[in-house]
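Residue numbers (the working numbering): 27 to 1149.
Honestly, the hints are just simulated from the structure, not real lab data. In this text the structure is predicted, and so the values were computed from the model without any measurement. Check each hint, because a few of them may be wrong.
Unchecked claim - Label-pair restraints from in silico Cβ distances:
1. Asn936 / Asp384: 29 to 35 Å
2. Gln1018 / Ser95: 33 to 39 Å
3. Gly155 / Ala416: 40 to 46 Å
4. Asn161 / Ser294: 34 to 40 Å
5. Pro320 / Glu1019: 42 to 48 Å
6. Asn936 / Arg806: 25 to 31 Å
7. Ser294 / Asp384: 53 to 59 Å
8. Gly155 / Pro1080: 19 to 25 Å
9. Asn161 / Ala416: 45 to 51 Å
10. Gly1069 / Glu1039: 33 to 39 Å
11. Glu1019 / Phe1130: 58 to 64 Å
12. Thr940 / Ser813: 38 to 44 Å
13. Leu419 / Gln1018: 45 to 51 Å
14. Ser954 / Ser413: 55 to 61 Å
Don't be surprised by glycine CBs; every beta carbon is placed ideally from N, CA and C.
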Amino acid sequence: MQVRHGFPYQPTALAFDPVQKILAIGTRTGAIRILGRPGVDCYCQHESGAAVLQLQFLINEGALVSAGSDDVLHLWNLRQKRPAILHSLKFNRERITYCHLPFQSKWLYVGTERGNTHIVNIESFILSGYVIMWNKAIELSTKTHPGPVVHLSDSPRDEGKLLIGYENGTVVLWDLKSKRAELRVYYDEAIHSIDWHHEGKQFMCSHSDGSLTLWNLKSPSRPFQTTVPHGKSQREGRKSESCKPILKVEYKTCRNSEPFIIFSGGLSYDKACRRPSLTIMHGKAITVLEMDHPIVEFLTLCETPYPNEFQEPYAVVVLLEKDLIVVDLTQSNFPIFENPYPMDIHESPVTCTAYFADCPPDLILVLYSIGVKHKKQGYSNKEWPISGGAWNLGTQTYPEIIITGHADGSIKFWDASAITLQMLYKLKTSKVFEKQKVGEGKQTCEIVEEDPYAIQMIYWCPESRVFCVSGVSAYVIIYKFSRHEITTEIVSLEVRLQYDVEDIITPEPETSPPFPDLSSQLPSRSLSGSTNTVASEGITRDSIPCLNVKTRPVRMPPGYQAELVIQLVWVDGEPPQQITSLAVNSAYGIVAFGNCNGLVVVDFIQKTVLLSMGTIDLYRSSDLYQRQPRSPRKNKQFIADNFCMRGLSNFYPDLTKRIRTSYQSLTELNDSPVPLELERCKSPTSDHVNGHCTSPTSQSCSSGKRLSSADVTKVNRWGPGRPPFRKAQSAACMEISLPVTTEENRENSYNRSRSSSISSIDKDSKEAITALHFMESFARKNDSVISPCLFVGTSLGMVLIISLNLPSADEQRFTEPVMVLPSGTFLSLKGAVLTFSCMDRTGTLMQPPYEVWRDSSHVDENEKSWRRKLVMNSPSLSQEIGDHQYTIICSEKQAKVFSLPSQTCLYVHNITETSFILQADVVVMCNSVCLACFCANGHIMIMSLPSLRPMLDVNYLPLTDMRIARTFCFTNEGQALYLVSPTEIQRLTYSQEMCDNLQEMLGDLFTPIETPEAQNRGFLKGLFGGSGQTFDREELFGEASAGKASRSLAQHIPGPGGIEGMKGAAGGVMGELTRARIALDERGQRLGELEEKTAGMMTSAEAFSKHAHELMLKYKDKKWYQF
């Protein structure tokens, strides 16, 4: 089951039901979103994927007609929670351009590109034999074809008159009964739209020269009025200046004021910089509302559905390319309504996501109370006008939070409880840094050309409320939550992290210790941000961060406040590599992150760096001071400007067609692939984008020497703790290789799982840190007591355990140093390591320890008595000899379960051979612990733990876009999400229990509402207002009088709506059926009791009747005086 949130991507059409008060939006991808009151949000999709040209509601009938670019009409049934298609009608010889369905009519008018107008019966979805041919409509009035039909509408005064607008400027009022044109109107400018005055005596047209023409039916020879609203005034007798086309106009009347004329476009050509606008003309007042995005469509919401009454408009719904706004027409300043839907997910492009189910219950309220203080003001004080449908909370709900990271450095927290989505709180990480001035961002540009604050990874502990993010400019920010505002300086650390393979290949023995003077080698605490300045031209950049942290005291509002900023700095003229893994533990007070160079561990309580080490050095023995020193650098590396997504080039070989995407293409609202014809690297087997190396598992591009076979031999002899160097099964790069159509290459893509970055490993390679996890575990094989550990996974499938030695007393944690050193324990898998988790011997999932949140503002008052409250979640250790813990490790190829402390591999499961895992996580579902995996070939696989027995393998969604790989994430209770388009989030569930619960929570699109009665027209209006009330469409368009349409013209296709409707209704009312069954049982019980009472009363009545009869016989023959 799927639920979709956000703004419909690439919208094309808009429709509104004024009685049900629901809104429908069609898109270029064939999707339809139907919106009502908050909680009523339905998504449905045309199977063909054709763009939606137009939507028409059957007003207050619970049905919708959609017209697609494939010239197919569909009738959707909205009287069920999941709309389904009842009928389809495929036009074979003509293309559909416009549709019109009169109110309370079952006959749909369809205009075509050829200029003809056809009529469709909505009930049977069969074409009528009645056709209005274009040549009969215009007769001999024009010598050329009038063009496609751009407008159809029946006259408000007489339903037997149909107004047909053609593109070239011709308008025909067609008499349906007499089958002839009653009048014709000609204008020398193309027509874009037409709208009637409610009395049916006038209509208004919008034209391509920015003009509006008002026509009177009594004098059709020329316009009654012509205006160019935004044109410059000209002298009398001269034609007004042409403006941009007015794409649509609506002419709405009011009983107590001047009519509203609302149109889009029409601005003067000399105002090229003006944004798209909507113009509202009310009397002599003209208001221009500028929009942030181009206008796709707009609709005026009116009080009545009847076209022949005063319309009384109260709002305008404006559909933009990337937004939906509603303007309040009842107030003179035309404010907009506050949108209750999450339409601003894409306000800045989404770069990463995180999904948390079953959060602490108070978190949502706390985040909302903080975020509501920063909401925008100036909205209309009236209720949201799109208020249709019904929505009920399900029987099983729990707090859910979705976090989205964006390209501008902002973080958004969303309440995702039930099936709704509402923004709670917004955090701007860019406020930590100084604003970059023009010309000062050159060091950042070498990592990413734009969006230097883009969020790359998110780590959040809901229990401790510690929040951590990493950005594309190689920084990590740790936030702590507080309900009180503070003003303080931002603490920052600068870390040098470098590592070269060649440094280890040719070591030069020296006597200097591996950790030189900490003041010069390890970063120190800095309260003033970056203390270095950008090097001048010709000078090698060194120890310079990509961004400058603010040096002055900063006011931090309530909410998340920056605790520490950690930045990787330039090293010998080379920019820092982007961060590929991140983990935080609030109980330990430690944050760890890594990239393709190595690992950094920082104590964010004492604000000190504990470890900054190249990946290869982690394989050394536990005595760090015995490792070989490194030789001076011999060459420079290019930078890896990518997201380091693991394994994406494995899936297809080098023979296939390549589409490579840089970081910029991932943040744009554009699905088009970036052409890649740039191969600037000297190594023909390494992956590059725009001249930069894109794989953290492969060595950076080298202008110096290449490894020989002898060098590789030296590599295999690195130190006693270093395992033999082997070819990796992963490729942590941002490349998609799509297969060509030949069967031979497709077979090769499955037989040869070897990425281009793998081939470069034979020569010179780097090993990236791809996964980190804190836990209470056994660091070494002979350990008998658990201790704090950091599990480190690499792109070569190696797992290393780092031992953390923390002060035993809580008071000493703030002063005593923390010891961090590799334990010498190594585990291995195939492919890059993706995730870790732990279970105790009973099969219960062990959560990492955490610190219970307490507001730091209250700590200062009672600092002496305050102690950190830690929840350790340690496994139960018995006196029996044996293992006490299971460790689950999943890579992009396989999963393994190890028993600790013996380090015995208990279970192995090779998940895929021909593809690779994009995302894996250990989740809790139905009180069981499972391993959930999403594969690049589209499969979602669920395995039991610790046995790794496959439980589910479903082909859901193949990897077609990097956005899916970047944003797909699992959470508990069998749920997951990903960014299905640049503007929409797709939530899905693979749990039957959750599916049943969500089905019950789906909103009802149709609710029984009585259609409002038409206003009394009065005697005179009924006498002189035309014959519309006596018009019988059935008699005119039915088969008996109009005959059958040609079979070759259109083909009727029965829809699956009947069967699906029954299934949807059955699933949708399951809860209602259960409650009805209980009510029936109770009613039956009461009926039984009533039946018993009735039987007793009948017995009493029979006895009474018997006694009465006997009494009657006794006194039958007696006279009155005998009594």
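Checked hints:
1. Asn936 / Asp384: 29 to 35 Å: holds (32 Å)
2. Gln1018 / Ser95: 33 to 39 Å: holds (37 Å)
3. Gly155 / Ala416: 40 to 46 Å: holds (41 Å)
4. Asn161 / Ser294: 34 to 40 Å: At roughly 38 Å between Cβ atoms, Ser294 and Asn161 fall inside 34 to 40 Å, so the hint holds.
5. Pro320 / Glu1019: 42 to 48 Å: holds (44 Å)
6. Asn936 / Arg806: 25 to 31 Å: For Asn936 and Arg806 the Cβ distance comes to about 28 Å; the hint holds.
7. Ser294 / Asp384: 53 to 59 Å: For Ser294 and Asp384 the Cβ distance comes to about 57 Å; the hint holds.
8. Gly155 / Pro1080: 19 to 25 Å: holds (21 Å)
9. Asn161 / Ala416: 45 to 51 Å: holds (50 Å)
10. Gly1069 / Glu1039: 33 to 39 Å: Holds, at about 36 Å.
11. Glu1019 / Phe1130: 58 to 64 Å: holds (59 Å)
12. Thr940 / Ser813: 38 to 44 Å: Between Thr940 and Ser813, where Cβ atoms are some 40 Å apart, the hint holds.
13. Leu419 / Gln1018: 45 to 51 Å: Given about 20 Å between the Cβ atoms, the range is violated.
14. Ser954 / Ser413: 55 to 61 Å: With a Cβ separation near 41 Å, Ser954 and Ser413 fall outside 55 to 61 Å, so the hint is violated.
Checked against the numbered hints above, the structure breaks hints 13, 14 and satisfies the rest.
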